[in-house]
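All chains, full assembly: derive it from the sequences and hints.
2 protein chains.
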Amino acid sequence: MKIYQARIAPNPRRVRIFLAEKDIAMEYVEVDIQKGEQYSPEFKQKNVLGLLPVLELDDGSHLSESIAICRYFEEVQPEPLLFGRDAKEKAIVEMWIRRCDFYFMFPTGMCFQNTSDYFKGLKRQVPEWGELCREKSAKFFNLLNNHFEHNDYLAGDYFSIADISAFCTVDFAKVIQQRIQPEHTHLQRWYDAVAARPSSKA
Amino acid sequence: MKIYQARIAPNPRRVRIFLAEKDIAMEYVEVDIQKGEQYSPEFKQKNVLGLLPVLELDDGSHLSESIAICRYFEEVQPEPLLFGRDAKEKAIVEMWIRRCDFYFMFPTGMCFQNTSDYFKGLKRQVPEWGELCREKSAKFFNLLNNHFEHNDYLAGDYFSIADISAFCTVDFAKVIQQRIQPEHTHLQRWYDAVAARPSSKA
Numbered sequence: 001m002k003i004y005q006a007r008i009a010p011n012p013r014r015v016r017i018f019l020a021e022k023d024i025a026m027e028y029v030e031v032d033i034q035k036g037e038q039y040s041p042e043f044k045q046k047n048v049l050g051l052l053p054v055l056e057l058d059d060g061s062h063l064s065e066s067i068a069i070c071r072y073f074e075e076v077q078p079e080p081l082l083f084g085r086d087a088k089e090k091a092i093v094e095m096w097i098r099r100c101d102f103y104f105m106f107p108t109g110m111c112f113q114n115t116s117d118y119f120k121g122l123k124r125q126v127p128e129w130g131e132l133c134r135e136k137s138a139k140f141f142n143l144l145n146n147h148f149e150h151n152d153y154l155a156g157d158y159f160s161i162a163d164i165s166a167f168c169t170v171d172f173a174k175v176i177q178q179r180i181q182p183e184h185t186h187l188q189r190w191y192d193a194v195a196a197r198p199s200s201k202a
Numbered sequence: 203m204k205i206y207q208a209r210i211a212p213n214p215r216r217v218r219i220f221l222a223e224k225d226i227a228m229e230y231v232e233v234d235i236q237k238g239e240q241y242s243p244e245f246k247q248k249n250v251l252g253l254l255p256v257l258e259l260d261d262g263s264h265l266s267e268s269i270a271i272c273r274y275f276e277e278v279q280p281e282p283l284l285f286g287r288d289a290k291e292k293a294i295v296e297m298w299i300r301r302c303d304f305y306f307m308f309p310t311g312m313c314f315q316n317t318s319d320y321f322k323g324l325k326r327q328v329p330e331w332g333e334l335c336r337e338k339s340a341k342f343f344n345l346l347n348n349h350f351e352h353n354d355y356l357a358g359d360y361f362s363i364a365d366i367s368a369f370c371t372v373d374f375a376k377v378i379q380q381r382i383q384p385e386h387t388h389l390q391r392w393y394d395a396v397a398a399r400p401s402s403k404a
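So the protein sequences, as listed, match chains A and B. Residue numbers for the first sequence follow our numbering, beginning at 1 and rising by one. Residue numbers for the second sequence follow our numbering, beginning at 203 and rising by one.
Hints should not be assumed to be uniformly reliable.
Residues from chain B that face chain A, not an exhaustive set, calculated with beta carbons under 8 Å [as the list claims (entries may be wrong)]:
id: 1; residue: Leu265
id: 2; residue: Glu267
id: 3; residue: Ile269
id: 4; residue: Ala270
id: 5; residue: Ile271
id: 6; residue: Tyr274
id: 7; residue: Val278
id: 8; residue: Arg300
id: 9; residue: Tyr305
id: 10; residue: Arg326
id: 11; residue: Val328
Here are some chain A residues the structure puts well away from chain B; computed CB gaps all over 12 Å [unchecked claim]:
id: 12; residue: Asp23
id: 13; residue: Met26
id: 14; residue: Phe112
id: 15; residue: Gly121
id: 16; residue: Tyr153
id: 17; residue: Asp192
Here are the simulated lysine-lysine pairs, DSSO-like style, with alpha carbons at most 27 Å apart [to be verified]:
id: 18; chain 1: A; residue 1: Lys174; chain 2: A; residue 2: Lys201
id: 19; chain 1: A; residue 1: Lys136; chain 2: B; residue 2: Lys246
id: 20; chain 1: A; residue 1: Lys123; chain 2: B; residue 2: Lys325
id: 21; chain 1: A; residue 1: Lys88; chain 2: B; residue 2: Lys204
id: 22; chain 1: A; residue 1: Lys46; chain 2: B; residue 2: Lys341
id: 23; chain 1: A; residue 1: Lys139; chain 2: B; residue 2: Lys246
id: 24; chain 1: A; residue 1: Lys44; chain 2: B; residue 2: Lys338
Quick caveat, the hints were computed from the structure, so don't treat them as lab data. Keep in mind the model is a prediction, meaning the values are calculated, not measured. Glycine included, every Cβ here is placed at the ideal spot set by N, Cα and C.
Below is the structure:
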């Protein structure tokens with residue numbers, strides 16, 4: 001079993017932290033995204049969309065999408081449960097995974113891809129859209145800060161995969177010059193708590 | 203227990219079809235999205251993001267995000283299982299839920315919001331981005347057609363929530379004038395099979 005990844009990218013990091021929380025050892029194979037190796041016909045056999053990370057199972061089949069890879073390991077090694085412990089908590093975790101993806105990771109990534117020199121010539125850029133996404137990403141920092149005024153973690157007092165997702169996105173947002181602001185005292189408290197977990201270094 | 207929804211919108215439809223598959227009766231409360239009722243301070247108590255659908259539980263708490271609502275019901279009434287039956291299948295279903303959201307529903311929705319007269323004055327539009335999203339949505343029609351050449355459903359021979367998501371998005375894509383093309387024979391076969399299920403009328 002192994003995971004194809006690019007160490008620098010935020011999505012593989014979500015999986016590494018998740019596996020560290022479960023104390024699951026893994027072989028990682030680095031894919032050179034600057035050379036575009038993920039778009040090669042060979043790699044697209046593993047993930048038709050040419051995206052990372054990709055989990056290769058021992059039967060030779062492949063799974064992609066970070067949260068899908070994490071869910072596989074939640075099923076094969078439940079402890080500690082990171083997707084919720086009962087029906088309502090599982091739904092709340094799912095809600096926050098999706099909020100973080102749709103209204104935080106996605107606008108942050110779209111801002112980066114549409115405004116950064118890094119993608120000039122690699123992607124068709126629409127800077128006006130990128131700037132609008134920068135505002136959306138900034139708004140989510142505020143939403144998180146408000147939420148953490150009354151909650152230790154995204155799902156109340158329960159640390160979950162949703163916190164891992166949000167934590168990686170806060171760090172990723174530095175590429176679009178978004179950072180936790182001095183007035184985000186609750187968000188900062190949560191961030192420091194997640195950063196203090198050994199898994200955050202994975 | 204009740205669900206706040208807008209009958210016309212694609213996301214609540216995913217939940218209605220899911221509940222029909224499980225034969226779960228539900229009270230639906232219509233929210234007037236043309237009047238912007240979902241953005242009222244009262245409604246934002248139910249979902250801070252002002253989005254539909256929202257499930258109100260009997261304890262008065264609220265869950266949002268369609269797939270999170272569906273996951274709640276998968277847990278409280280497992281049969282028939284629609285999120286997968288074992289670890290690997292659950293991960294494959296999750297992978298396809300996310301592919302359909304990120305690379306199909308999202309570009310389709312962003313094209314609609316950035317190019318349609320319906321949103322003029324309601325949202326800041328970036329038509330160039332909308333057109334780029336139209337191409338992404340069209341690409342996913344091709345991806346689906348290729349997939350269904352060798353698979354009955356998204357997760358192989360197993361009908362799942364991912365098929366419900368993709369089916370609702372194919373129908374939704376009509377708002378950006380995207381339709382199944384005559385050459386999409388495999389996609390058409392899958393579409394007809396899902397449309398023939400009684401749940402599709404929910």
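### Message
To test your reading of the hints: which numbers does this structure violate?
### Response
The structure breaks none of the hints.
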